[in-house]
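Novice: Listed below are the residues making up each chain.
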Amino acid sequence: MQLTTPEDFKRVIEAALLAAPAPLAVADLRRLFESDPGGDFVRRLLEDLRAEWSGRGVELVQLSSGWRFQTRPEYQVFVDRLKEERPPRYSRAVLETLAIIAYRQPVTRGDIEDIRGVAVSPNVLKTLESRGWIDVVGHRDTPGRPALFATTRRFLDDLGLRSLTELPALTEIERIMDLVDTKEIEAAAAAATEKEL
Amino acid sequence: MNLPLELAPLETAAQMQAVARLYGEPLLQLPADLYIPPDALEIILEAFEGPLDLLLYLIRKANLDILDIPMAPLTAQYLVYVEAMRSHNLELAADYLLMAAMLLEIKSRMLLPRPPREREEEGDPRAELVRRLLDYEQMKMAAARLDVLPRVERDFEWVSVFVAEKVVERLPEVSLHDLQLAWLTIMKKARLTQHHRVRREELSVREHMSAILRKLEDGTFAVFDSLFDPALGPAGLVVGFLAVLELVKERLVQVAQNEAFAPIYVKLADAAHDA
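Residue numbers (this note's numbering), protein chains in the order written: chain F, 1 to 197; chain E, 198 to 472.
Since the hints were made in silico from the structure, they are not lab data.
You may find that some hints are simply not true.
[To be verified] FRET-style restraints, in silico, Cβ to Cβ:
no., chain 1, residue 1, chain 2, residue 2, range
1, E, R283, F, E74, 46 to 52 Å
2, F, G57, E, R342, 25 to 31 Å
3, E, D265, F, R92, 23 to 29 Å
4, E, W380, F, P6, 43 to 49 Å
[What the hints assert, rightly or not] Covered stretches of chain E, as calculated for chain F (at least 3 residues, CB under 8 Å):
no., segment
5, 248-258
6, 327-337
7, 346-356
Source: prediction; values computed, not measured.
The beta carbon of each residue, even a glycine, is placed where N, CA and C say it ideally should be.
Using the sequences and the hints, build the whole thing.
Specialist: This is the structure we're talking about:
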């Protein structure tokens, strides 16, 4: 089949995206064609496609690892009616741990426990790992070499994000934190530890 | 759960006494908005994610300024909860007790008068607690916001068109050259098997044994050499010789030689002949 107009190229990309079991990056889409049409061309067609699908029950979205079709969230209520079971809700422990890893990565289990003030149950980390949202990216060079956790691309994909910068901004607590003289706090903390020693 | 019965004494004078002994000051002096009805305790206790979470709840509920925490009432209220947890036999994590100790320590440091210079050096004893509380609250709220983000399988689904396997099945390409090669391979193989089959028929030891027996049928001696047909070639002769050996082994023929280098004679064994 001879591809002549941009429209032809667009249909090929559409077919590939619909048939793909995972997000497709622009680099993947460029390999669809015998001669590389160039990244900008593909990106322009993707934008066209996104616009074309805008009025449908399905939308084309750009994620961390590429482009993908997904159902529109507003129709999930209806889609759910055909499902056997509801997706499980995550406990606050799981969500808080996830938030700490997402915003403070890479972190060790100890870091998470410091912030939450309680021990982290192994199940919490296992839940997040088996979902494919976090993984071990290394070990901190301290005694015991604790594992460092970070979020995965899959996490970004599953939450419809292109990068970590798209995470919801942290609350204005940061500003409150700035109001407190951090140097003073650090000095106080240092004095406290010295005293303990 | 007999919660109301257990909690009821909290409001009696005796219980008040006990509480007062714990904290060093009467519970009645707590600000009214910091007081949580005992009935609510059970529901609330299970919901806390740890001591920081509990403290934050107490602070936010009482609308306290987190940067200027009144340590005495906060500590008192915290201990009420910890005590309630204990009386309900809830497993009290060490983290809660550690926090209780920390609160009491901060409170005592604030109560004790200090020389002005030392006070300056130490700063506010609450600072570290405030930092941890704010740090935790920030992450707690971040978690809530993360949870609100549309999430696959909960708020939307990936779309994937069903592609029938047959449509995408990759069929290998075949060139004329491939066909030629395949045909040649087949021919080669066929020749091999054919050849092999013929040899098997030709060189069957059993067949030669029968042929030799047939030649000796009359029961007389035959010259050894006459049993072999040179036309069969070396392979045929070897098999013929093997056949003779086999016949000897099975005692079907007798082989005789009068002296060294004399002609060898073969005749049917007596038993075989008689039979």
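Novice: All the hints need checking, so say for each whether the structure fits it.
Specialist: Status of the hints after comparison with the structure:
The beta-carbon spacing between R283 (chain E) and E74 (chain F), approximately 48 Å, falls within the hinted interval of 46 to 52 Å. At about 27 Å, the beta-carbon gap between G57 (chain F) and R342 (chain E) stays in the expected band of 25 to 31 Å. Here the CB-CB span from D265 (chain E) to R92 (chain F) is close to 28 Å, well matched to the stated 23 to 29 Å. At roughly 47 Å, the beta-carbon separation of W380 (chain E) and P6 (chain F) lies within the given 43 to 49 Å, and the hint holds.
With 3 residues having a Cβ less than 8 Å from any Cβ of chain F, the segment 248-258 of chain E passes the three-residue criterion, so the hint holds. Evaluation of the coverage hint for the segment 327-337 of chain E: fulfilled, as 10 residues show C-beta separations to chain F shorter than 8 Å, against a requirement of three. Note: the segment 346-356 of chain E has 11 residues with beta-carbon separation from chain F under 8 Å; the three-residue rule is met and the coverage holds.
Consistency with the previously given hints is maintained throughout, with no hint failing.
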